[in-house]
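Participant: One-letter residues, chain by chain:
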Amino acid sequence: MRDSIKNAVSAILFTIIIFGFSVGNIISPDIDISLSERRALAQAPKFTINALLNGDFFNELEEYTLDQFVLRDRFRDLKAFMAFGLLRQRDNNRIYIVNGNISKLEYPLNEKSVLNAADKISGIYNKYLANINAGYAIIPDKNFFLAPDNGYLAIDYGKMSEIMDENMANVKYIDIFESLSIDDYYRTDIHWSQDRLIGLADKILAGMGNSKKASEIDYVQKALYPFYGAYYGQAAVKIDPDTLIYLTNAALENARVFDHYYKEYGSIYEPDLFYGIDPYDVFLSGQKPLVTVENPESTTNKGLLLFKDSFGNSIAPLLLAGYSKITLVDLRLASSDALDEFIDFSEYQDALFLYCTQTLNNSYSLR
Amino acid sequence: MVFSSINFLYYFLPVVFLLYFTVPSRAKNLVLLVSSLFFYFYGEPVYLILMIAVSFSGYLHGLWINRAKDGRYAKLSLISSLFFGLAPLLYFKYTDFLIKNINFIFGLNIPALNLDLPIGISFYSFQILSYTIDVYKGNAKVQKSFVNFAAYVSLFPQLIAGPIVRYTAVESELVCRTHSFRDFAYGINRFIIGLSKKVIMANSLGELVDIMARSNEKAVLLYWLKAIPFMLQVYYDFSGYSDMAIGLGRIFGFCFPENFNYPFISKSITEFWRRWHISLGTWFKDYVYIPLGGNRNGTGKWLRNIFLVWFLTGFWHGAEWNFILWGLYFAIFLSVEKLFLLKVLDKTPAFLRHIYTLFFTLISFVLFNGNGLSECFHNFRGMFGFLDISFAGAETIYYLKSYSVTLLIAAIGSTPLPKTLVTKIKDNKTASIVLNIFEPLVQASLLLLVTAYLIDGSFNPFLYFRF
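Protein chains in written order, with the working numbering: chain A, 1 to 367; chain B, 1001 to 1467.
These are computed hints drawn from the structure, not numbers from a lab.
Worth double-checking, as some hints may not be accurate.
Said to hold, decoys possible - Below 25 Å or equal to it, Euclidean Cα-Cα: the simulated SDA-like pairs (lysine to any residue) are: (1) Lys-6/A - Phe-1438/B; (2) Lys-104/A - Gly-1393/B; (3) Lys-1285/B - Glu-1271/B; (4) Lys-1338/B - His-1378/B; (5) Lys-1401/B - Pro-108/A; (6) Lys-1401/B - Asp-156/A; (7) Lys-1218/B - Lys-172/A; (8) Lys-172/A - Asp-119/A.
Construct the complete structure from the given sequences, taking the supplied hints into account.
Facilitator: Quick look at the structure:
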């Protein structure tokens, strides 16, 4: 090819790309939500003279054009390919992949945050739970299984347990680290898979001094496919989706779920939410500050207060084997100072604090 | 607005191209002026007025100097132009530094003004000064068209991070310039190379520097892993920006001067400064060092001139003591090299000269990167094992492995090796044809890759904005 032709091809290609995407961006309709990134995308900013002069308008315009760029997800795929494939980076935006299992670096250990979580739990115990049988368990994140053996950074889980132990004098510890393996978690998501938790539920019930067992209950498996977990969108790499399985039976189907904030009843499982932004919302409709699950077929009168993060939503239905009702408290959404406005603590015999290591390492969202 | 943004690439640039290449020649400078003002307004709405005022001041002073010819009024006009040209720079950039030091020395508590530094003020102030000085010295003809002069000052390709384009370099092109497919293609190629250097390399290296800076790990290797990528990051960031400026300039018919010439292959600090930020070095040489007498009035005055120029060079980079120290650090090396060391180096094996230059340049960038002198010296102690810390930790080793390919590419890319390789390929007729087929495809791929990086991440600050 002669230089003159090369120059012409260069100029034409460049022009096509910048004009093509420019026109493509202008004519393509705006998208409200990115399902892969699980977030609302920026919308066109409102024009005001004030916003123009203080720079806000252009800043928001920048966010808008970035979020609404055509083929956004394909470009993110391309960047991930460059980072992993060509530059051989071990992680891309802290996301890493081991044998088709996606995880996110959680490092280093934030000792102050862990201490803050321990103080928060102790404070709740001292304020509300002095006469209640209380326990806590720490859910290892996927890094616990994936990181050390594959050369990725992992926090000092022993140190985390030690800090919790030293600062939670009246709350007994239920060690569940050894009861889990990487296979108990979704490959594309942060969470554990409910169908793998029956044994764990038994262990927690036993740890709480409850003689009932989830393994003695008959469950029916229901599968939802394809499940693209939270890490899938962040990884921007093609990986086979998971199958979201939930365990149900007549008792669970008939159980009533009361949302204390919106004062409305719902169900333990909401399969329709599988097709929303976060498919994991199938379990107890996702993140809610305060909900109570009542088991009408329970053979006990015991109540459990479950202080939890999102992991708790999927194990709560299994813990219902040992309780007539469970109230789930998400301290990221509900203030611990006002719990007595919604909860009559005399109705509960047990309280369980069940948090993932990532929540403890970033605990300042606990209110 | 920055070049490495979606809005610049996919909205601003197409519109400017469309307008610029469809209007008649006589209107092209007006298109450039209006688009440059919008470009500046986008990032600095309030300071646009300041830039127009400073440009108008430079324009008027040029006319006055020209009208007064060689008389006393010409000198007064020049002094006035220096005052009005430097006053905004001194006020916005150095007032708080002055207040801080007065407070420290006299135990006062004068509140800082906390002014935002107008983007590019260090660059366009120097360009205006070069114009009035050159008109005064008779090296440049006065520009009678305000549109042309303002277009020169505000020209968006080089407005905010250089290179410092002297008026004389584009004097004739402001009035009459040609456009060709060849220049357009060259400009595109240079622009995309610069864009890739900035977005793919500099930003990736910046991420590593940032991770190391935020790490709580205490390890000798960590300090090195902060210093070396930072040196490369500054190079890729700044030279990438210069490439983009030169490329865009060529698209619009301007030939801007080169600003970098593979500085890391230098075999002395003197050579390094002939290859690094060339437009700034030559500006200080021609407008400060030579007028002061250069090396013509004995060793004492020569050394004084060197130290003064490098004090100003350091201070130009930032209103902090570490920048001043950075400039004086180079003054020491340049003086010593000129006095005797260059003769010694000439007899030293080349690889030792490279090591000497790279090592002391690296040290200079630790000074450059420090947030205050105490942090600089802390970093030095860390690098050389005076902090009683281990050699390496888990985090350092992890990120060293993770960024090893990036660092390797960055190191090789900062040498002439890739360019030499391309030149050799072009010597072979068949290979040259193949290369010509692939070159546009590589350019298009890089542009799409840059777009992917921009969409994926928000880590995108230009380092040289703060100057």
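Participant: Can you name, in rising order, the numbers of the hints this structure does not satisfy?
Facilitator: Checked against the structure, the hints that fail are numbers 4 and 7, while the rest are satisfied.
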